[in-house]
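S.K.: Okay, here's what each chain looks like letter by letter:
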Amino acid sequence: MSVELLNFIETVLNGLMSGVMYSLVALGFVLIFKASGVFNFAQGVFALFAALTLVGYQTGQVPFAHLINELFGTNYHNWYASMPNFFAILLTMVTMIALAWIIERLVLKHLVNQDPIILFMATIGLAFALEGVGDLMWGSDVKVLDVGIPSGGSIWLEEATIGLAAEGSDYYGMYVDVLNIWATVIAVILVVSLALFSQYTKTGRALRAVADDHQAALSVGISLRSIWILVWAISGFIAMVAGIMWGTESGVQFSLSLIALKALPVLILGGFTSIPGAIIGGLMIGVGEKLAEIYIGGYFETGAIENWFAYVMALVFLLFRPQGLFGDKIIERV
Amino acid sequence: MRIKQLLIGMTASVIAVSSYVEMAIADLKFPMLVYRTGAYAPNGIPNADGFVDYYKMINARDGGIGGEKILHPECETGYKTQVGVECYEKNKKDAMVFQPMSTGITYQLIPKATADGVTVYSTGYGRTSAANGKVFKWIFNAPVTYWDGASIAVRHILKNNLGNIKGKKIALVYHNSAYGKEPIRTLQTLSKKHGFKLMLLPVDHPGQEQKATWLKIRKGRPDNVLMWGWGVMNQVAIKSAASIKFPMDKFIGIWWSGSENDVLPAGQGAHGYKSLTFNAPGSNYQVHADIKKYVHDKGEASGDGSHFGTVLYNRGLFQAMVQVEAATVAQKIHGTSKITPAMYRDGMENVNLSAKRLEELGFKDFAPPFKNSCENHGGSGLAAVQQWDAKTKKWNMITEYMYGDSEVVQKLIAEDSKKYAAEQKIAERCG
Numbered sequence: 019m020s021v022e023l024l025n026f027i028e029t030v031l032n033g034l035m036s037g038v039m040y041s042l043v044a045l046g047f048v049l050i051f052k053a054s055g056v057f058n059f060a061q062g063v064f065a066l067f068a069a070l071t072l073v074g075y076q077t078g079q080v081p082f083a084h085l086i087n088e089l090f091g092t093n094y095h096n097w098y099a100s101m102p103n104f105f106a107i108l109l110t111m112v113t114m115i116a117l118a119w120i121i122e123r124l125v126l127k128h129l130v131n132q133d134p135i136i137l138f139m140a141t142i143g144l145a146f147a148l149e150g151v152g153d154l155m156w157g158s159d160v161k162v163l164d165v166g167i168p169s170g171g172s173i174w175l176e177e178a179t180i181g182l183a184a185e186g187s188d189y190y191g192m193y194v195d196v197l198n199i200w201a202t203v204i205a206v207i208l209v210v211s212l213a214l215f216s217q218y219t220k221t222g223r224a225l226r227a228v229a230d231d232h233q234a235a236l237s238v239g240i241s242l243r244s245i246w247i248l249v250w251a252i253s254g255f256i257a258m259v260a261g262i263m264w265g266t267e268s269g270v271q272f273s274l275s276l277i278a279l280k281a282l283p284v285l286i287l288g289g290f291t292s293i294p295g296a297i298i299g300g301l302m303i304g305v306g307e308k309l310a311e312i313y314i315g316g317y318f319e320t321g322a323i324e325n326w327f328a329y330v331m332a333l334v335f336l337l338f339r340p341q342g343l344f345g346d347k348i349i350e351r352v
Numbered sequence: 000m001r002i003k004q005l006l007i008g009m010t011a012s013v014i015a016v017s018s019y020v021e022m023a024i025a026d027l028k029f030p031m032l033v034y035r036t037g038a039y040a041p042n043g044i045p046n047a048d049g050f051v052d053y054y055k056m057i058n059a060r061d062g063g064i065g066g067e068k069i070l071h072p073e074c075e076t077g078y079k080t081q082v083g084v085e086c087y088e089k090n091k092k093d094a095m096v097f098q099p100m101s102t103g104i105t106y107q108l109i110p111k112a113t114a115d116g117v118t119v120y121s122t123g124y125g126r127t128s129a130a131n132g133k134v135f136k137w138i139f140n141a142p143v144t145y146w147d148g149a150s151i152a153v154r155h156i157l158k159n160n161l162g163n164i165k166g167k168k169i170a171l172v173y174h175n176s177a178y179g180k181e182p183i184r185t186l187q188t189l190s191k192k193h194g195f196k197l198m199l200l201p202v203d204h205p206g207q208e209q210k211a212t213w214l215k216i217r218k219g220r221p222d223n224v225l226m227w228g229w230g231v232m233n234q235v236a237i238k239s240a241a242s243i244k245f246p247m248d249k250f251i252g253i254w255w256s257g258s259e260n261d262v263l264p265a266g267q268g269a270h271g272y273k274s275l276t277f278n279a280p281g282s283n284y285q286v287h288a289d290i291k292k293y294v295h296d297k298g299e300a301s302g303d304g305s306h307f308g309t310v311l312y313n314r315g316l317f318q319a320m321v322q323v324e325a326a327t328v329a330q331k332i333h334g335t336s337k338i339t340p341a342m343y344r345d346g347m348e349n350v351n352l353s354a355k356r357l358e359e360l361g362f363k364d365f366a367p368p369f370k371n372s373c374e375n376h377g378g379s380g381l382a383a384v385q386q387w388d389a390k391t392k393k394w395n396m397i398t399e400y401m402y403g404d405s406e407v408v409q410k411l412i413a414e415d416s417k418k419y420a421a422e423q424k425i426a427e428r429c430g
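For the protein sequence lines, the chains are A and B, in the order given.
Numbers 19 to 352, taken from my numbering, label the letters of the first sequence in order.
Numbers 0 to 430, taken from my numbering, label the letters of the second sequence in order.
Derived from the structure by calculation, the hints contain no laboratory data.
Computed from a predicted structure; not experimentally measured.
Among these hints, one or two may not hold up.
Said to hold, decoys possible - Just the calculated beta-carbon pair ranges, DEER-fashion:
#, chain 1, residue 1, chain 2, residue 2, range
1, B, Lys390, A, Ile135, 47 to 57 angstroms
2, B, Lys244, A, Leu154, 49 to 59 angstroms
3, B, Pro110, A, Val112, 47 to 57 angstroms
4, A, Glu177, B, Lys390, 27 to 37 angstroms
Unchecked claim - Stretch-level coverage of chain A by chain B, calculated; a stretch enters the list once three of its residues show a Cβ under 8 angstroms from a Cβ in chain B:
#, region
5, 77 to 90
6, 212 to 225
7, 235 to 246
8, 259 to 272
9, 310 to 316
From the three backbone atoms N, C-alpha and C, an ideal C-beta is built for every residue, glycine too.
Given the sequences, and given the hints that come with them, work out the whole structure.
M.R.: This is the structure in structure tokens:
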């Protein structure tokens, strides 16, 4: 095979892997939108908050330490030296469930039957408030997140592909980050679990019923509020997974909340109501932007076209298929 | 009615008296444009803490500058240019100096501050040609500029290649902003001079995703990579370089891409990464002992004190020290402790931080000496290379402070400032 072709395959592979990372964020948006019709602007901040909390538990950081020390003249920083990953993740999950409950109690409960734009605005407020709380609780230093997921280029793939190039060509194998392979495996497990949960459990069916029609679901005795708490909790769990993956790659810091911007074109392309759409959309955006950046980017004086190119792709889909690839068709009956 | 009038009168008197007291106590205003929130906060906080701790120490140890206390109101910019300009407008009255901590904000403030008669000090960042004091009367960027930085990095590469880099490939990974684009012109000139090929690789804000950039590096196989990054861009770039097994000792960042924050997330992978610097790391200097004694031990540390001695904290100390020294010089020149913004500018232009003066200020061996003049607002142009040791988690200086290619840099500065002077109809000064 020619080196050019192998490089092209490498770009596609890496695009797919990046796409999975985007899908992890997009999944949380889809779940909440399906169940409550709310576009949760705070999903990126959820991922940040979960990652901050996880590192906080791992390292034994005292929450609100700065505030406590300032108010009471104390000097508390850490409870303990470290906590095993399993317990730290478990505690973070509990925290995200508690957060979902608090959001339902303080925000959603008071906004039932309001226009979607009001709920959207509420999530914008929530995003900024949660970012502030995260800063107060855990501080804004860059934190190292390590839950034992390996990262770095896959040596196995490099060695396996080095021989594919034509003899005498200067090729040193294909590159894929092991962290991204893990993200792919985790995303597959997540999607399969979500599908099984919504298909074969009573709660899952109730969740689908609420997603289809709030009024009808209420009339058969499904508690809208418990379903909302459940959905926000699951979405918090997905945010934690996304936070772990992105945080392992870049360290945990406040720019993590901006990963939500990466999920937007994925949602436009895949549809706001489809879990497979979030995955396929992510893969398409990932591959599209990487190919554009590497093969077309050079023709633009400024370069760095991948960010806006993803939105161009989404816009094109929006023009021809406003509901996205897998989204429910919008039919307004008069 | 009388009681109401009495109460209003008393309130007005209290406000008037307290304002007077405030003015009397804190009459040298050094407004701070900071970013303690947002995507760039991990860099903004330690730097701002360095500034605040130094000002507090001067107020506590020396009773201020020449007996005048320093007032240092903070305005949060979030590293956003528009907000930075608003902060400037809000705080410019009676301000001695502005340190924008962003090249984008600096570019916006250059014409405004020039018109308002306010000093802008962009320490080792901002518009490089502002080093030409003949054109940029109110703007200072000492001790070293980005164009010096680019040529110092190339000089280091030259040294490691026995003076010959003809045919080599050097990539520049840069923040796609005014800041990141600043060295391009110099590197293009240097590539013609030394015969190396330049690869330009922009990374959009914030730089959380850089896979395509590093695939291009893997494909293009540059011999060296330079980086002009900030915030999360640095961490992701260093981690990505380690991931594709790019030799870290051939990866050099500018001085804003060389803090502990940038290398720690990559763990052992960051071992050997290099960056330029114009100040030393660590906390074994007299200034640190004084800050500990007069600020930290009294529970007055800015933030939780955890950034003490880190690269960006130390840079904040250095920046604040130069600003305070400019006020001291201005007081001496004009024979009064109550200096005006115009007098302060004169002080900044006559700053002379010799080795002896640095020692007196508690900065012995902390940074190379430099002096400003009417013609030169860019300082000495000296920077050194430091290297990260991931095992000890410490930066080590691996070279002496060195000059860049002044022949190339000075020519570019003259060209660019001449163009600016023509656009803005500025007559050159300094005789």
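S.K.: All hints are to be evaluated individually against the structure, with a verdict given for each.
M.R.: Evaluation of the provided hints:
Checking the proposed 47 to 57 angstroms range against lysine 390 of chain B and isoleucine 135 of chain A shows it holds: the Cβ atoms sit about 54 angstroms from each other. The hint said 49 to 59 angstroms for the Cβ distance between lysine 244 of chain B and leucine 154 of chain A, and at roughly 40 angstroms that hint is violated. Taking the beta carbon of each, proline 110 of chain B and valine 112 of chain A are about 55 angstroms apart, inside 47 to 57 angstroms as hinted. Between glutamate 177 of chain A and lysine 390 of chain B, the C-beta spacing of about 28 angstroms keeps the proposed range 27 to 37 angstroms intact.
Three residues within the 8 angstroms Cβ limit are the bar, and the region 77 to 90 of chain A against chain B gives 3, so the coverage statement holds. Using a Cβ-Cβ cut-off of 8 angstroms, 0 residues of the region 212 to 225 of chain A lie near chain B, which falls short of the minimum of three, so the contact claim is violated. Look at the region 235 to 246 of chain A against chain B: 0 of its residues bring a Cβ nearer than 8 angstroms to a Cβ of that chain, fewer than three, so the hint is violated. Taking a C-beta to C-beta cut-off of 8 angstroms, the region 259 to 272 of chain A contributes 6 residues in contact with chain B, enough for the three needed, and the coverage statement holds.
A stretch counts as covered by a chain when three or more of its residues have a beta carbon under 8 angstroms from one of that chain; for the region 310 to 316 of chain A and chain B the count is 3, and the coverage holds.
Violated hints, in rising order: 2, 6, 7; the structure is consistent with all others.
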